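Chemist: Chain residues, written in single-letter form:
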Amino acid sequence: MPEMREQLNNFPILQNVFDKLSRTFPGQELVFSFDRQELAVRVPKEHLLKILTFLKDDCGFNTLSDVIGLDNLNIRKEGEKRFAILYQLYMFPAVQRLRVRVEIGENEVADSIVPLYPAADWAEREIYDMFGIRFAHHPNLRRIYMDDEWDGFPLRKDYPLEGKK
Amino acid sequence: MTEKNAKPGFFFGSLDKLITWAQKNSLWPFGSGLACCAIEMIATAASHYDISRFGMELFRASPRQADLFIIAGTVTNKMAPVVRRLWEQMPDPKWVVAMGNCAVSGGPFPTYAVLQGVDKILPVDVYIAGCPPTPQGLLEGLMLLQKKIAKEHPTRMIYARDARTTE
Amino acid sequence: MAFKEIELNMGPQHPSTHGVLRLKLAVDNEVVLRVEPVVGYLHRGIEKLCEHHTYFQITPYTDRLDYFAATQNNLAYLLAVEKLAGIEVPKRGQYIRVILAELQRLASHLAWIGFNANDIGAMSVLLYGFAEREGILEIFEEYIGARLTIHSLRIGGVPHDLDAKIISMILAALDSIPARLKDIEMLLSDNRIWKHRTQGVGVIPADEALALGLTGPALRAAGVRWDIRKNIPYSSYEDFDFDVPLGTNSDVYDRYLVRLEEIRQSVRIIRQAIAKLPGGESRATVPKILKIPAGEVFHSIEAPKGELGFYIQANGSEKPERVKIKVPSFINLQSLERMCRGYLIADVVAILGSLDIVLGEIDK
Numbered sequence: 030m031p032e033m034r035e036q037l038n039n040f041p042i043l044q045n046v047f048d049k050l051s052r053t054f055p056g057q058e059l060v061f062s063f064d065r066q067e068l069a070v071r072v073p074k075e076h077l078l079k080i081l082t083f084l085k086d087d088c089g090f091n092t093l094s095d096v097i098g099l100d101n102l103n104i105r106k107e108g109e110k111r112f113a114i115l116y117q118l119y120m121f122p123a124v125q126r127l128r129v130r131v132e133i134g135e136n137e138v139a140d141s142i143v144p145l146y147p148a149a150d151w152a153e154r155e156i157y158d159m160f161g162i163r164f165a166h167h168p169n170l171r172r173i174y175m176d177d178e179w180d181g182f183p184l185r186k187d188y189p190l191e192g193k194k
Numbered sequence: 294m295t296e297k298n299a300k301p302g303f304f305f306g307s308l309d310k311l312i313t314w315a316q317k318n319s320l321w322p323f324g325s326g327l328a329c330c331a332i333e334m335i336a337t338a339a340s341h342y343d344i345s346r347f348g349m350e351l352f353r354a355s356p357r358q359a360d361l362f363i364i365a366g367t368v369t370n371k372m373a374p375v376v377r378r379l380w381e382q383m384p385d386p387k388w389v390v391a392m393g394n395c396a397v398s399g400g401p402f403p404t405y406a407v408l409q410g411v412d413k414i415l416p417v418d419v420y421i422a423g424c425p426p427t428p429q430g431l432l433e434g435l436m437l438l439q440k441k442i443a444k445e446h447p448t449r450m451i452y453a454r455d456a457r458t459t460e
Numbered sequence: 076m077a078f079k080e081i082e083l084n085m086g087p088q089h090p091s092t093h094g095v096l097r098l099k100l101a102v103d104n105e106v107v108l109r110v111e112p113v114v115g116y117l118h119r120g121i122e123k124l125c126e127h128h129t130y131f132q133i134t135p136y137t138d139r140l141d142y143f144a145a146t147q148n149n150l151a152y153l154l155a156v157e158k159l160a161g162i163e164v165p166k167r168g169q170y171i172r173v174i175l176a177e178l179q180r181l182a183s184h185l186a187w188i189g190f191n192a193n194d195i196g197a198m199s200v201l202l203y204g205f206a207e208r209e210g211i212l213e214i215f216e217e218y219i220g221a222r223l224t225i226h227s228l229r230i231g232g233v234p235h236d237l238d239a240k241i242i243s244m245i246l247a248a249l250d251s252i253p254a255r256l257k258d259i260e261m262l263l264s265d266n267r268i269w270k271h272r273t274q275g276v277g278v279i280p281a282d283e284a285l286a287l288g289l290t291g292p293a294l295r296a297a298g299v300r301w302d303i304r305k306n307i308p309y310s311s312y313e314d315f316d317f318d319v320p321l322g323t324n325s326d327v328y329d330r331y332l333v334r335l336e337e338i339r340q341s342v343r344i345i346r347q348a349i350a351k352l353p354g355g356e357s358r359a360t361v362p363k364i365l366k367i368p369a370g371e372v373f374h375s376i377e378a379p380k381g382e383l384g385f386y387i388q389a390n391g392s393e394k395p396e397r398v399k400i401k402v403p404s405f406i407n408l409q410s411l412e413r414m415c416r417g418y419l420i421a422d423v424v425a426i427l428g429s430l431d432i433v434l435g436e437i438d439k
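Residue numbers (the numbering used here), protein chains in the order written: chain U, 30 to 194; chain S, 294 to 460; chain F, 76 to 439.
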């Protein structure tokens, strides 16, 4: 992807990360995008933990800012899965950000990254509470905002704003 | 003339005035500060707006020692049973003030998680609108409550025992 | 009869939990073994509301997140929207935003010192803090008409310019702060009781703090130099000269000192911004109906509580597809368990206060 590499010419650290990822995981369907000065990479679900471990240990992304859940019911293209989970990483003290994206289908189980980044604990519980995506090997996967007996997942696009009666 | 409509005589009428005068000038609030309105409630209790001039500076932490429940902030569906239980723990006579748009009618949050108005679970005496109401607004609401208390007849418990004390 | 472990319930209605937070404590006599915070008692569904409102209409909702420093929330959201839409804020608008945001940081820290001291027992400091805060809230009442949830910024800049009267009010408020800080320090900093209650309490080492995602003054009290205003400057912060206070022992006392020093640095920033205020427009021209083409952005700022970030995904219409709020208190509260282990029940109150959480933003 030489055009992608070209776009990162003004961002040497990110260009370095791009090179390392492309070299270490060739042919594993990594899709990069660079928009509004932010680098994002889409990785397949099965290789998430491997790639995040590489990013943390070898590329220097030692801190996690946030874990974000998305419901793409209304905007997904043909053949794409319904949900996506974004991991917003940054490296300290060099201060560069990276967004890692994983697509999750309706009844699929995602991998928890809590063993790698303890800061993801409650953020993953929130995604489970709001979207219904389960995380394997999470230490305490319970609802966090709604009552334990609540029925439904509020942030899904087909859940009404005023709630179900 | 039934018991319920019995007018208090001179003695009980004066006793009423004395009791309500004491009640309205020494209300002990149970500050249930839930959200943003709680900060304005605390600002009212601080030295600039000084709720102490009305006798209400003694905010109690326990509902069993309070007689005025100021619900300041959004009541969510998860918090609603807690608010109800706190109100039930308060001894009579007690009054409820719904402070802020969220307590009055759900405020700017017409969502699945918010109770649209605390009067769905509690009887409210005074509604104070505002998001959040300014300290002057809260004080005006409390003065309105004082006027309401002054019109009550607590001695009805003595001469008309089967009627309610607060109506 | 010997019972080893008791489960105690603190909250959700409790005078010292700073809102509707429930803490389940497992204690062995007085020593805390485990803390499990239960949140969600103030969950209002703000993220879902954002999907049903236009970009302009969402700004007032962001006030209600961290209600102590409403302008900072506005700033984080608007910077993300402007990055997404490619809107450039004029220099004067950026400087005015810095002035308003730093005033709110002052208000937030003054309220914090009041609450924390009140929890530990020094009740006069609550009144001192709130008295000083009144001066700042009056400035906002003059500027925008409201005191607490103020919606003081707009997409593209600020709604009104600062005139001479407001600037003189700001300078008067800044002049009275050093004396007030001296009063508070005289009461607390060398006070034996305060030191006994706060030194050595709630210690968390720097590497664990980073791993748990702690941000804000608590992280700086652990000695980590992470301040987004310096590391990834936004809204012209690079034009100002200020220090980032760091602590060494990472206990409650250091967090108190760090925040006091941040108040002084904020005063410095505001004075510089007023002195160097450039001319020109204070708001960029923004179309009345703002439709943003598909894309996503994540932007964060240094709010008084920590790193506040907004992730916004646009879908080409005038309403966003998804807004996710990265809330500092949410992640900071996760480290409460680590900080409280092995301390006494009375220390839990001090540690929770020093973390400076706001339930409005935790529960969104």
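Source of the hints: derived by calculation from the structure; they are not laboratory data. The structure presented is a predicted model; accordingly, all values stated were derived computationally and were not measured. Every residue gets a Cβ at the ideal spot worked out from N, C-alpha and C, and that includes glycine. Treat the hints with care, as some may be off.
Claimed, not checked - Simulated crosslink set (DMTMM-like; lysine to aspartate or glutamate; CA at most 25 angstroms straight-line):
| id | chain 1 | residue 1 | chain 2 | residue 2 |
| --- | --- | --- | --- | --- |
| 1 | S | K387 | S | D360 |
| 2 | S | K413 | S | D309 |
| 3 | S | K413 | U | E35 |
| 4 | F | K158 | U | E35 |
Said to hold, decoys possible - Taking CB as the label site, the calculated pair distances span:
| id | chain 1 | residue 1 | chain 2 | residue 2 | range |
| --- | --- | --- | --- | --- | --- |
| 5 | S | D412 | F | I420 | 50 to 58 angstroms |
| 6 | F | G196 | S | G348 | 21 to 29 angstroms |
| 7 | U | K193 | S | G348 | 32 to 40 angstroms |
| 8 | F | I420 | S | L351 | 55 to 63 angstroms |
| 9 | F | R267 | S | D385 | 43 to 51 angstroms |
| 10 | F | E105 | S | I414 | 44 to 52 angstroms |
| 11 | F | Q274 | S | S345 | 16 to 24 angstroms |
| 12 | F | D236 | U | T53 | 49 to 57 angstroms |
| 13 | F | L202 | U | K110 | 55 to 63 angstroms |
Stated by the list, open to error - Some, not all, of what chain S presents toward chain F, calculated at C-beta under 10 angstroms:
| id | residue |
| --- | --- |
| 14 | F303 |
| 15 | F304 |
| 16 | G306 |
| 17 | W321 |
| 18 | P356 |
| 19 | M383 |
| 20 | K387 |
| 21 | G410 |
| 22 | M436 |
| 23 | L437 |
| 24 | P447 |
| 25 | M450 |
Chemist: Does each hint fit the structure? Answer for all of them.
Modeler: Outcome of the hint check:
1. Restraint check: the Cα-Cα separation between K387 (chain S) and D360 (chain S) comes to about 5 angstroms, which is no more than 25 angstroms; the hinted pair holds.
2. For the suggested pair K413 (chain S) and D309 (chain S), the alpha carbons sit about 31 angstroms apart, so the restraint of at most 25 angstroms is broken.
3. With a C-alpha separation of about 61 angstroms, the suggested pair K413 (chain S) and E35 (chain U) falls outside the 25 angstroms cut-off, and the hint is violated.
4. Of the pairs offered as hints, the one joining K158 (chain F) and E35 (chain U) holds, with about 22 angstroms between alpha carbons and a cut-off of 25 angstroms not exceeded.
5. For D412 (chain S) and I420 (chain F), the hinted distance range of 50 to 58 angstroms is not satisfied, since their beta carbons lie about 37 angstroms from each other.
6. Between G196 (chain F) and G348 (chain S) the Cβ separation comes to about 25 angstroms, which falls inside the hinted range of 21 to 29 angstroms.
7. At roughly 46 angstroms, the beta carbons of K193 (chain U) and G348 (chain S) sit outside the given window of 32 to 40 angstroms.
8. I420 (chain F) and L351 (chain S) have their C-beta atoms about 25 angstroms apart, which leaves the hinted 55 to 63 angstroms range violated.
9. Between R267 (chain F) and D385 (chain S) the Cβ separation comes to about 45 angstroms, which falls inside the hinted range of 43 to 51 angstroms.
10. Distance hint check for E105 (chain F) and I414 (chain S): the Cβ-Cβ separation is about 37 angstroms, which falls outside the suggested range of 44 to 52 angstroms.
11. With their beta carbons about 34 angstroms apart, Q274 (chain F) and S345 (chain S) fall outside the hinted range of 16 to 24 angstroms.
12. Evaluation of the 49 to 57 angstroms hint for D236 (chain F) and T53 (chain U) yields a pass: the beta carbon distance comes to about 54 angstroms.
13. Hint check: L202 (chain F) to K110 (chain U), Cβ distance near 56 angstroms, so the stated range 55 to 63 angstroms holds.
14. Interface hint at F303 (chain S): violated, since its Cβ lies 44 angstroms from the closest Cβ of chain F, which is beyond the 10 angstroms cut-off.
15. The beta carbon of F304 (chain S) is not positioned within 10 angstroms of any beta carbon in chain F (closest approach about 42 angstroms), and the interface hint is therefore violated.
16. Checking G306 (chain S) against chain F: minimum C-beta separation of about 39 angstroms lies over 10 angstroms; hint violated.
17. Annotation: interface hint on W321 (chain S) violated; nearest CB of chain F at approximately 14 angstroms, more than 10 angstroms.
18. For P356 (chain S), the shortest C-beta to C-beta distance to chain F is roughly 8 angstroms, which falls under 10 angstroms, so the interface hint holds.
19. At about 12 angstroms, the closest approach between the beta carbon of M383 (chain S) and any beta carbon in chain F exceeds 10 angstroms, and the interface hint on this residue is violated.
20. With 10 angstroms as the threshold, the beta carbon of K387 (chain S) stays out of range of chain F, its nearest partner Cβ sitting at about 16 angstroms, so the hint is violated.
21. Given the 10 angstroms rule on beta carbons, the hint for G410 (chain S) is violated: about 14 angstroms separates it from the nearest Cβ of chain F.
22. Annotation: M436 (chain S) was flagged as interfacial toward chain F, and the flag is violated, the nearest CB pair being 20 angstroms apart, outside 10 angstroms.
23. Annotation: L437 (chain S) was flagged as interfacial toward chain F, and the flag is violated, the nearest CB pair being 21 angstroms apart, outside 10 angstroms.
24. This hint is violated: P447 (chain S) has a C-beta 28 angstroms from the nearest C-beta of chain F, more than the 10 angstroms allowed.
25. Look at M450 (chain S): its Cβ only gets to about 30 angstroms from chain F, farther than 10 angstroms, so that hint breaks.
Checked against the numbered hints given earlier, the structure breaks hints 2, 3, 5, 7, 8, 10, 11, 14, 15, 16, 17, 19, 20, 21, 22, 23, 24 and 25 and satisfies all the rest.
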